[in-house]
Amino acid sequence: MNSHNARRLIDEICSLAADLEKIRIMEVCGTHTVSLFRSGIRTVLPANLRLVSGPGCPVCVTSQGYIDSAIEAAQRPDVTVCTYGDMLRVPGRQGSLEQQRAGGARVIVCYSIRDGIAYAATHPEEQVIFLAVGFETTAPATALAVLEADTRGLDNFTVLNGHKTVLPALEFLLRGGDIPIDGFLLPGHVSVITGSHAFEEVAERYGKACVVTGFEPVQMLRGILSLVRQIAANEPRVDNVYSVAVTREGNRVALDRLEEVFEPADVVWRAIGRIAMSGYALRPALRKFDAEKRFGLAVDEDYELPGCRCGEVIQGRIDPPECSLFGRACTREHPVGPCMVSSEGTCAAWHRYALVERSR
Amino acid sequence: MNADTRNDRDVGSKKIATLPETLAAGEQRIVLAHGGGGELTRRLLDERILPRLNNELLAPLADGALLPPMTGRPCLTTDAYVIQPIEFPGGDIGRLAVCGTVNDLVVMGARPLALSLALVIEEGLSFEVLDRVVGSIAAAAAEAGVPIATGDTKVVERARGDGLLITTAGVGEVPSDVQLDVHRIVPGDRIIVTGTLAEHGLAVMAARENLGLNSGIASDAAPLGGLVAAMLECGGGTVKFLRDPTRGGLAGVLADLVENTALGVEIREEALPVTTAVRHAAELLGLDPLNVANEGKIVAVVAAGDEQRVLQACRAHPLGRNAVCIGECVAASPPLAEMVTAIGGRRIILRPYGEDLPRIC
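Residue numbers (this note's numbering), protein chains in the order written: chain X, 1 to 360; chain H, 1 to 361.
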């Protein structure tokens, strides 16, 4: 990294921001949240520029009913639950998957859904449920896995579908109109799939500055500078400083697979509720791979854990320290809500990297 | 990796073994009777284990080993090794066991004198793998200049032993002139790491999960007695604290340092020795190299002003060529481990919770 470049970008951000009033930028993606803390960017920005986290941590936006369904499924003697590591510690009504595993349930941490397929193929006597969560980044892999399961006739493999799409959630926040946001750091990985054009409506219809950026510190600073420039000039558009990975059109192959396997569906987001066309349902011909149907689960149920304000955190309504549980009843060791559990979670990032910022 | 490499999955309370069901022609495996204490046990020891490990202390094959009298303070350590896969780029469970125990002694300032070795072998392990691991134990012990003085071998039923488990203990003596003491650390003292970070943890994770990173990252497992001796030869209480940043990584050591000294720690991101391959692999998995295990590195705190001498001593040793000063201890309230990032920002460093898990996207 070129620290001279970084310094120059920071100076320009500060000088532009000096002529503006309060600026609120939402970083949509959990990886950005973590990278912004890890790189120390939050500590070098001007005081009138606030970064707020958005609904972009896959675990954090998952409804409580989904978590409970996964745990309920894991308790069945014939079921093996395969999951990305982040889901392991999220608490539900009956503890977490980690606790279920310690009690004898079969829960396997996978790095890719392909591991789940491979496990199902070699363990035909078990019902293998893959916890398919995440946004447009992980959904194409789920689509490919479902197609593979169909081709191979793997009738012991299903997915508990919790996939969501980013844009409808941003529009939901913007339509509400009560959360002041001047610009968005758009999610880099999601944009690789969707293309930057997917977010043009945010700039055109809602007049918000937008930039697609990657995760290197200098790149994130470039993204923030682009937003501040757009805000200062009142010229909102979708800028792309991550053109090495993101095109305007996106990844056609991945989008085609998504189209083939899924149809848009109304899905429930934690603490936000049902958002129209903000997720995916398996197409009718592939519904046999839907774990919710096969095992009679109810992923759309949602409820708040007592005192937990994760729902407000993921909408950028509050910063984690404003939650009375944060750092007291809710810690990394004993998380209450998902934002403290997930490595991408806003509360976990604050807790982990920002004691200094917290104590200010 | 050979065809016998285990690909177990952590499944509930029981391990589901995926050892190949059929044996290749001529392939031999451990059976329960190898641990029965009879003729088969004797043959296993005589043919496969003792010839590789033989030394004067072990040779009598008594119930214990008699060590020569020592002049310094005796130091005792023990460790258990549970790792999948048993063999990974840069080492195996045997090398890890020897290096881990030796390094625990040397960071106490002790000169290692002898190790014990207990093998808990799962029924079904092939002789080929066992031979390689025992050979690797012998090689690492020779590298460290420490004899395996006593040992034990047990066999457990299939699916109850994870292939091979090892426990080791080590005895060493601490010379009277060694003055390692965390309480001697004062603000301004420098923090040194003796080489590139996070290689062991990433190599094992990539091998275990078959991540296909193809990154060339190999475990750094190595016995560090020679390197530490070179550092301590700088003399006069120059070196105040030594720790091997294994599980929990550098972050874990820095957190311990803060807790034990009530001083803050400030390190510079730009000074951290992290290879490009490690940085990319860690980024891909959403892991922080600071939290990832090392098995061939030392974190040292040395008196301010003496760091160049200690760095020179490190760099003159093959295992310390990439030694650098990464920061210093500072008076701070509250005492925190903090990093000045490459862009000039700051963040705190906490001990990781459990093992870091790769992220979803």
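These aren't lab readings, by the way, just hints derived from the structure by calculation. A hint or two may mislead.
[What the hints assert, rightly or not] Computed spacing ranges between beta-carbons, pair by pair:
| hint | chain 1 | residue 1 | chain 2 | residue 2 | range |
| --- | --- | --- | --- | --- | --- |
| 1 | H | Asn260 | X | Arg317 | 37 to 47 angstroms |
| 2 | X | Glu249 | H | Arg268 | 50 to 60 angstroms |
| 3 | H | Glu143 | X | Arg114 | 32 to 42 angstroms |
| 4 | H | Asn260 | X | Lys293 | 27 to 37 angstroms |
| 5 | X | Glu259 | H | Arg268 | 45 to 55 angstroms |
| 6 | X | Gly177 | H | Val182 | 53 to 63 angstroms |
| 7 | H | Pro187 | X | Gln75 | 39 to 49 angstroms |
| 8 | H | Ala332 | X | Thr151 | 57 to 67 angstroms |
| 9 | X | Gln94 | H | Val156 | 48 to 58 angstroms |
| 10 | X | Arg114 | H | Asp79 | 51 to 61 angstroms |
| 11 | X | Gln75 | H | Gln179 | 54 to 64 angstroms |
| 12 | X | Asp256 | H | Asn210 | 50 to 60 angstroms |
| 13 | X | Ile318 | H | Glu143 | 47 to 57 angstroms |
[What the hints assert, rightly or not] Partial pick of chain X residues on the chain H-facing surface, computed with a CB cut under 8 angstroms:
| hint | residue |
| --- | --- |
| 14 | His4 |
| 15 | Ala6 |
| 16 | Arg7 |
| 17 | Arg8 |
| 18 | Cys14 |
| 19 | Ser15 |
| 20 | Phe37 |
| 21 | Arg38 |
| 22 | Gly40 |
| 23 | Ile41 |
| 24 | Leu51 |
| 25 | Gln219 |
| 26 | Ala329 |
| 27 | Tyr353 |
| 28 | Ala354 |
[Stated by the list, open to error] Some chain H residues flagged as far from chain X (calculated, every beta-carbon gap over 12 angstroms):
| hint | residue |
| --- | --- |
| 29 | Leu58 |
| 30 | Ala80 |
| 31 | Arg346 |
The structure presented is a predicted model; accordingly, all values stated were derived computationally and were not measured. Backbone N, C-alpha and C define an ideal beta-carbon position, used for all residues, glycine too.
Comparing the hints with the structure gives:
Remark: the range hint 37 to 47 angstroms for H:Asn260 to X:Arg317 is upheld by a beta-carbon distance near 40 angstroms. Separated by about 42 angstroms at the C-beta atoms, X:Glu249 and H:Arg268 break the suggested range of 50 to 60 angstroms. Between H:Glu143 and X:Arg114 the beta carbon distance is about 39 angstroms. The supplied range of 32 to 42 angstroms therefore holds. Evaluation of the 27 to 37 angstroms hint for H:Asn260 and X:Lys293 yields a failure: the beta carbon distance comes to about 55 angstroms.
At about 48 angstroms, the CB distance of X:Glu259 to H:Arg268 agrees with the hint of 45 to 55 angstroms. One distance hint, 53 to 63 angstroms for the beta-carbon pair X:Gly177 and H:Val182, holds here, with the actual separation near 56 angstroms. Checked against the hint of 39 to 49 angstroms, the pair H:Pro187 and X:Gln75 fails, with Cβ atoms roughly 54 angstroms apart. Roughly 60 angstroms separates the CB atoms of H:Ala332 and X:Thr151, a value that falls within the hinted 57 to 67 angstroms.
Distance hint check for X:Gln94 and H:Val156: the Cβ-Cβ separation is about 33 angstroms, which falls outside the suggested range of 48 to 58 angstroms. A hinted range of 51 to 61 angstroms for the beta carbons of X:Arg114 and H:Asp79 is inconsistent with their spacing of about 35 angstroms. One distance hint, 54 to 64 angstroms for the beta-carbon pair X:Gln75 and H:Gln179, holds here, with the actual separation near 56 angstroms. Roughly 28 angstroms separates the CB atoms of X:Asp256 and H:Asn210, a value that falls outside the hinted 50 to 60 angstroms.
Distance hint check: the CB atoms of X:Ile318 and H:Glu143 are about 56 angstroms apart, consistent with the given range 47 to 57 angstroms. Contact between X:His4 and chain H, as hinted, is not supported at the beta carbon level, the nearest pair being about 10 angstroms apart and thus beyond 8 angstroms. At a threshold of 8 angstroms, the smallest CB-CB gap from X:Ala6 to chain H is about 4 angstroms, leaving the interface hint in force. Annotation: X:Arg7 was flagged as interfacial toward chain H, and the flag holds, the nearest CB pair being 7 angstroms apart, inside 8 angstroms.
At a threshold of 8 angstroms, the smallest CB-CB gap from X:Arg8 to chain H is about 11 angstroms, leaving the interface hint violated. The interface hint given for X:Cys14 is broken, as the beta carbon of that residue sits about 12 angstroms from the closest beta carbon of chain H, more than 8 angstroms. Hint status for X:Ser15: violated, given a least beta-carbon distance of 16 angstroms to chain H, over 8 angstroms. With its C-beta approaching chain H no nearer than about 6 angstroms, X:Phe37 sits inside the 8 angstroms limit, and its interface hint holds.
At a threshold of 8 angstroms, the smallest CB-CB gap from X:Arg38 to chain H is about 6 angstroms, leaving the interface hint in force. A least Cβ separation of about 2 angstroms between X:Gly40 and chain H falls short of the 8 angstroms threshold, and the interface hint therefore holds. Checking X:Ile41 against chain H: minimum C-beta separation of about 6 angstroms stays under 8 angstroms; hint holds. Interface restraint check for X:Leu51: the shortest CB-CB distance to chain H comes to about 12 angstroms, outside 8 angstroms, so the restraint is violated.
Annotation: X:Gln219 was flagged as interfacial toward chain H, and the flag is violated, the nearest CB pair being 11 angstroms apart, outside 8 angstroms. The beta carbon of X:Ala329 comes no nearer than 16 angstroms to any beta carbon in chain H, farther than 8 angstroms, and the hint placing it at the interface is violated. Among the interface hints, the one on X:Tyr353 holds; its C-beta lies about 4 angstroms from the nearest C-beta in chain H, closer than the 8 angstroms criterion. Checking X:Ala354 against chain H by beta carbon gives a least distance of about 7 angstroms; that is within 8 angstroms, so the hint holds.
The beta carbon of H:Leu58 sits about 39 angstroms from the closest Cβ of chain X, which is more than 12 angstroms, so the claim that it is off the interface holds. The Cβ of H:Ala80 lies farther than 12 angstroms from every Cβ of chain X, with a closest approach of about 19 angstroms, so its non-interface assignment holds. Annotated as non-interface, H:Arg346 brings its C-beta within 12 angstroms of a C-beta of chain X; the closest such distance is 5 angstroms.
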